[in-house]
Amino acid sequence: MNDQPNRAELLDRINTLMATGALPFAALLVLDALADAGVDSTLVTVLDWAAKGALAVVVVLLSVAVARKARSGKPAGDEDSYSATTLRKALAASWVATFVVLTQFDSLFDGAGILGVAELPLVHAGEILTAFMLVVLSLTYFGLMALASDEPDPSEEGS
Amino acid sequence: MSSLHNRIRVFRAEHRMSQAELARAIGVSRKTISTIEVGRFVPSTVIALKIARHFEVPVEDIFQLSDGE
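Residue numbers (the working numbering), protein chains in the order written: chain A, 1 to 159; chain B, 1 to 69.
Just chain A, with the same shape it has in the complex (with noise of 0.2 Å):
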């Protein structure tokens, strides 16, 4: 049989790996906003560069994958997946909790609110909102992915 994965199989790999990148992603966001808070300037000026250099791997991968859509200018046959409908869906929770937040954005971040950060500058405020996002993102993608658990083919045993 032929082991090559198809173009289904592709896509279903890229949405897994969109959701997979998006932790390390939050990590460095976090990260830059915690070193920036602990005044470290080398490790500022690094974390700086790398969220820059991931963001601009994102704007990239996002701007050719939009291209590539637009030349095809084929309707909703690549989204036709348990996998996109599952990345849709991570999608539209990460949106609604990041809402949510915002909604209570003045009770978290301003003062002494709920988080107990005094004065957090706006920039650090939005990186750490990022970050929730992409968390919540890639949360609820394996967890959906989960749910469906895989189990084997029963009659690809032994053949």
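It is possible that some hints are incorrect.
[As the list claims (entries may be wrong)] Computed list of chain A residues with no C-beta within reach of chain B, every gap over 12 Å:
no.: 1; residue: Pro24
no.: 2; residue: Ser41
no.: 3; residue: Val46
no.: 4; residue: Ala51
no.: 5; residue: Val57
no.: 6; residue: Val58
no.: 7; residue: Ser63
no.: 8; residue: Leu91
no.: 9; residue: Thr98
no.: 10; residue: Pro121
no.: 11; residue: His124
no.: 12; residue: Ala125
no.: 13; residue: Leu129
no.: 14; residue: Thr130
[Claimed, not checked] Calculated lysine to aspartate or glutamate pairs in the DMTMM-like style (CA-CA distance at most 20 Å, straight line):
no.: 15; chain 1: B; residue 1: Lys50; chain 2: A; residue 2: Glu9
no.: 16; chain 1: B; residue 1: Lys50; chain 2: B; residue 2: Glu37
no.: 17; chain 1: B; residue 1: Lys50; chain 2: A; residue 2: Asp106
[To be verified] Covered stretches of chain A, as calculated for chain B (at least 3 residues, CB under 8 Å):
no.: 18; stretch: 9–23
no.: 19; stretch: 81–89
Hints are computed from structural coordinates only; laboratory data are not their basis. A virtual CB, placed ideally from N, CA and C, is assigned to each residue, including glycine.
Place chain B on chain A using the hints.
Relative to the frame of chain A, chain B by itself:
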């Protein structure tokens, strides 16, 4: 509430096809086929029609809607 049942596993067995082979034949991933089979993922009309066309049967032979009555 209506629920969607399918007989993909039966048709695969009759045609001696694995999930991966059916997935490759209609251009989806194996995970998509396995989640449709167990009822976790409701396929689009396009996928349902592709599966029916592959087995050369009407789509109603593979997918049935039960009203729970």
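12 Å cut-off, C-beta based - A/Pro24 kept clear of every residue in chain B
Fine: 24 Å to the nearest Cβ keeps A/Pro24 off the interface.
Please count how many residues of the stretch 81–89 of chain A have a CB within 8 Å of a CB from chain B and say whether that reaches 3.
Holds, because 4 residues of the stretch 81–89 of chain A bring their Cβ atoms closer than 8 Å to Cβ atoms of chain B.
A/Ser63 non-interfacial with respect to chain B [C-beta, more than 12 Å]:
Non-interface label stands for A/Ser63: nearest chain B Cβ at 25 Å, farther than 12 Å.
Proposed proximity, A/Glu9 with B/Lys50 (alpha carbon, max 20 Å):
Given pair B/Lys50, A/Glu9 holds - Cα atoms ~17 Å apart, limit 20 Å.
Tell me whether the statement that chain B covers the stretch 9–23 of chain A is true, taking a Cβ distance below 8 Å and needing three residues at minimum.
holds (count 3)
Determine whether the non-interface label on A/Ala125 survives the test: each CB of chain B must be over 12 Å from its CB.
Per Cβ check, A/Ala125 is outside 12 Å of chain B; nearest 38 Å; holds.
Is the nearest Cβ of chain B still more than 12 Å from the Cβ of A/Ser41?
Consistent with the label, A/Ser41 stays out of reach of chain B, its closest Cβ about 47 Å off (over 12 Å).
Against chain B, does A/Thr130 hold up as non-interface, every C-beta pair farther apart than 12 Å?
Given a closest Cβ separation of 29 Å, the condition holds.
Is B/Lys50 close enough to A/Asp106, meaning Cα to Cα at most 20 Å?
violated (52 Å)
Far enough from chain B: is every CB of that chain over 12 Å from the CB of A/Pro121?
holds (43 Å)
Minimum Cβ separation between A/Val58 and chain B greater than 12 Å?
Answer for A/Val58: holds, closest chain B Cβ roughly 24 Å.
Can you confirm whether the C-alpha distance between B/Lys50 and B/Glu37 stays at or below 20 Å?
holds (15 Å)
In summary, the one numbered hint that this structure violates is 17.
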